[in-house]
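Undergrad: Protein chains in written order, with our numbering: chain R, 2 to 367; chain L, 6 to 516.
The hints are simulated quantities; they were obtained by calculation from the structure and are not laboratory data.
Note that the structure is a prediction, hence the values are computed from the model and not measured.
A virtual CB, placed ideally from N, CA and C, is assigned to each residue, including glycine.
Treat the hints with caution; some may be incorrect.
Covered, in the sense of this in silico footprint (three residues per stretch, anywhere, with C-beta under 8 Å from a C-beta of chain L), are these stretches of chain R [as the list claims (entries may be wrong)]:
| hint | segment |
| --- | --- |
| 1 | 216–228 |
| 2 | 234–242 |
Pairwise CB distance ranges (calculated) [what the hints assert, rightly or not]:
| hint | chain 1 | residue 1 | chain 2 | residue 2 | range |
| --- | --- | --- | --- | --- | --- |
| 3 | R | S40 | L | A411 | 44 to 50 Å |
| 4 | L | R324 | R | L121 | 44 to 50 Å |
| 5 | L | R30 | R | L352 | 31 to 37 Å |
| 6 | L | T331 | R | L214 | 45 to 51 Å |
| 7 | R | L28 | L | A338 | 47 to 53 Å |
| 8 | R | V140 | L | A398 | 39 to 45 Å |
| 9 | R | L214 | L | G247 | 53 to 59 Å |
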Amino acid sequence: MSATPIELPRWADTALVPLVSVVAALLVAGLVVLGIGESPLEATALLLKGSLGSLEGLGFTLYYATNFVFTGLAVAVAFHAGLFNIGGEGQATVAGIFAALACLWLAPLPGILLVPLAILAAAVGGAAWAFIPGYLQAVRGSHVVITTIMFNFIAATLIVYLLVEVIGKPGSMQPETADFAKHATLTPMHQLLAPLGLKLPKTPLNSAFLLALAALVAVWLLIYRSRLGYAIRTVGANPRAAAYAGISPARITMVAMALSGALAGGLAVNEVMGVQHRLVLDFTAGYGFVGVAVALMGRGHPVGVGLAALLFGALYQGGAELSFDKPTITRDMVVVIGGVVILFAGALEGLFRRLVAGTLRLGRGG
Amino acid sequence: MTGTAPAAIELYSISKSFGPVAANRNVSLTVAAGSIHGIVGENGAGKSTLMSILYGFYEADSGEIRVGGEKRTISSPAEAIATGIGMVHQHFMLVEPLSVVENVVLGAEGGTWLKRGIAKARAELARLSAQYGLAIDPDATVASLSVGLQQRVEILKALYRGAEVLILDEPTAVLTPAEADQLFELLRALKAQGKTVILITHKLREIMAVTDRVSVMRRGEMVAHVETISTSPAALAEAMVGRRVLLRVEKAPRQRGAPVLEAAGLSVVDARGHETLREASLTLYEGEIVGIAGVAGNGQSELLEVLAGLVQPTRGVIRLDGRILTTADRSPANLRRLGLMHIPEDRQKTGLVTAFAAAENMILGYHDDPAFGPGPLLAPSAIRCHALAGMQAYDVRPADPTLKTAKFSGGNQQKLVLAREIERAPKVLLVGQPTRGVDIGAIEFIHRRLIALRDAGVAILLVSVELEEVMALSDRILALCGGRITGERAAEEADERDLGLLMAGVSERAA
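With these hints in hand, go ahead and build the complete structure from the sequences.
TA: Written out as structure tokens, the structure reads:
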């Protein structure tokens with residue numbers, strides 16, 4: 002019956018509890034591996050080697066992490082305003098459409114103009130797609146969890162229609178656009194770092210990674226150091242106090258959702274402009290949903306989101322390697338681990354908080 | 006038998022710390038069986054912590070609890086209930102859409118099938134009601150009951166679970182004076198039947214009226230145990246604060262200036278379509294305090310909210326400095342710019358974001374002030390400096406701007422709000438419940454600040470459930486009943502009975 006929140010020291014709150022959640026999730030996943038007759042230790046070794054053991058593996062890990070940073074930040078920003086944006090998939094899809102149209106239509110422009118404009122288009126597309134649920138929430142009271150999920154479906158259908166009927170490559174049986182011009186794409190990291198004398202293996206990692214790092218810093222500045230971020234946090238923590246303070250919760254709801262959608266658009270920048278170099282179906286591949294786990298694990302703080310994105314990047318890349326080496330462990334296993342982490346980091350967090358609080362008290366008493 | 010019977014509750018050198026803060030230090034307390042025992046102390050003195058330890062919410066770091074002479078460890082409310090300790094919280098723990106009897110059995114349904122438990126509870130309720138004279142309809146929906154009756158349901162709940170010792174935490178905070186008197190009758194009846202009552206309060210009048218013994222806490226320690234008949238409010242107040250306290254407010258005659266805020270024919274309709282404020286008209290002059298007298302829920306909150314721009318009136322005109330305020334002018338942010346500041350009635354729900362650090366709350370409503378950072382950014386160091394200055398000027402304890410607001414006591418939270426709004430040099434100050442849940446030392450401080458503001462020429466509108474406070478501070482008093490202003494009195498000529506009639510809606514003075 003006690004509803005008193007468990008108070009923990011800051012370091013335990015921000016580092017220890019998420020760590021315990023991850024370790025517990027890995028233990029449970031290990032049991033599942035054991036259940037299908039494989040050695041969890043060997044699987045872990047393969048996973049670590051595949052994700053962090055080589056420059057190539059690391060490149061893939063960081064490429065995945067780039068996606069998770071964007072979608073994780075998208076969820077985190079909405080979270081601070083008290084909103085649960087689970088429409089990252091749809092917002093990234095629309096952002097991809099916008100970016101693709103910019104890359105195709107503005108192709109005559111030089112790269113130095115075209116690329117920023119296309120990135121901007123992606124942000125605007127994502128923002129617009131998130132703004133509508135934000136508007137409906139603020140003005141009509143329609144819950145964003147429902148509307149953003151619905152908007153995922155609408156976006157998924159929209160992209161099929163556009164690729165098949167409108168902007169598909171003429172004469173192609175594939176639902177995809179023509180390839181973008183070379184100067185409309187983002188530079189792969191191995192090319193970017195070559196002039197510095199660094200020889201990296203060829204991986205999908207591209208300059209969108211740098212954009213992701215910038216986004217982490219920008220979101221930190223926004224949330225914790227700006228007037229807008231203050232307003233966002235006030236609305237998220239206490240809408241009544243916000244109204245009292247002259248901050249319009251309705252306005253902040255719309256602004257926060259738009260910002261959230263713009264961040265989700267980063268996923269499209271990485272995938273469409275950085276890797277595929279054309280618009281294809283399903284390029285969002287569930288990264289938008291994993292963003293929820295990333296934000297939960299990262300506790301909404303950009304540093305946490307960065308670390309969690311790295312973890313999920315390693316799981317994705319290591320999991321791919323693992324399923325290659327051990328066909329009995331399919332990629333679905335990684336999804337299972339992700340699911341367990343979400344369960345532990347999100348839903349069962351209170352359990353671990355209690356455990357950690359108890360252990361700390363024991364340590365102090367002794 | 007007296008003298009030989011074991012005490013109902015004995016606490017021996019209970020200590021409890023939250024991090025570096027010692028909430029209870031070697032607290033000992035003996036509560037005689039069949040008595041009403043008062044515990045008084047300022048907010049943050051450790052009363053609630055002590056009772057939470059007794060009720061199993063917290064575990065003491067050290068110390069011993071004896072119930073009926075036997076040593077016990079109470080590590081959860083369930084264990085407290087099992088040992089015969091019941092608690093009535095300041096904020097009721099009732100399920101409003103359920104009936105009285107359903108609320109009473111909640112958590113003690115007695116088996117899988119509800120029907121049998123309900124039938125048993127109904128019989129038991131009838132018996133308890135008869136025994137203690139607690140008339141209540143077992144099938145009434147809790148939401149439809151008055152606050153006083155809801156409190157009875159809480160008490161019945163505790164008795165139904167076999168409570169021998171009943172802890173009441175600030176029980177009269179939400180009651181009208183008449184309801185409070187009924188509660189005291191009930192407590193006396195409980196005592197006559199051999200139950201033990203522990204009453205936590207900061208209202209000395211109640212302590213004097215109803216308790217047998219009083220224990221006084223100050224800064225986590227027990228400083229006095231006395232027989233009620235051998236003490237006085239002044240002595241208790243002194244023990245609580247540790248120095249002499251002025252219970253009366255001293256103020257110079259007012260220097261009334263020009264009219265600042267004028268409202269004419271203001272009406273407010275709430276979300277359910279009820280007209281909660283009807284045709285209210287009032288004028289605030291510079292350098293005066295206008296008090297609103299009324300039983301809670303008669304339109305005071307709406308009056309404050311509509312003047313502060315939080316609610317739009319359905320009819321009526323508001324003038325500030327002679328200028329009519331349009332709907333756009335009446336946004337809270339704009340009103341602040343025009344010098345109309347508002348200390349809301351509920352500081353935790355409206356006036357503060359309790360999850361924020363104190364420093365962040367000190368800029369709530371003023372986060373657009375260029376003093377707090379360059380351009381769109383905020384500078385944490387500037388915000389902390391500003392907060393520290395305000396906290397020191399208003400004696401907020403601890404004066405730590407980085408501490409989470411939820412960790413401050415009620416009085417200190419209120420001082421944070423006060424510091425924030427008053428430091429902005431208001432022209433008009435709307436004040437709601439400035440001293441609700443605030444300890445005596447802080448009340449004195451807050452009253453002096455308000456009087457000083459008035460003397461400096463600020464127009465103040467005061468809403469308070471404490472009629473005494475309204476009468477002590479105001480220069481003029483308006484009575485509200487059913488959303489209507491039912492009368493006006495100059496403070497000198499107002500008396501409690503007369504105001505009580507106005508508050509009850511008996512319009513102008515008969516005869």
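Undergrad: Against each hint, give a clear statement of whether it holds in the structure.
TA: Going down the list of hints, with the structure as the test:
1. 216–228: It holds, with 4 qualifying residues against the three required.
2. 234–242: Since 6 is at least three, the answer is holds.
3. S40(R) - A411(L): 44 to 50 Å: About 48 Å separates the Cβ atoms of S40(R) and A411(L), which means 44 to 50 Å holds.
4. R324(L) - L121(R): 44 to 50 Å: holds (48 Å)
5. R30(L) - L352(R): 31 to 37 Å: holds (33 Å)
6. T331(L) - L214(R): 45 to 51 Å: Check passed, 48 Å falls within 45 to 51 Å.
7. L28(R) - A338(L): 47 to 53 Å: Cβ of L28(R) to Cβ of A338(L): about 52 Å, so the range 47 to 53 Å holds.
8. V140(R) - A398(L): 39 to 45 Å: holds (42 Å)
9. L214(R) - G247(L): 53 to 59 Å: holds (56 Å)
Of the numbered hints listed earlier, not one is contradicted by the structure.
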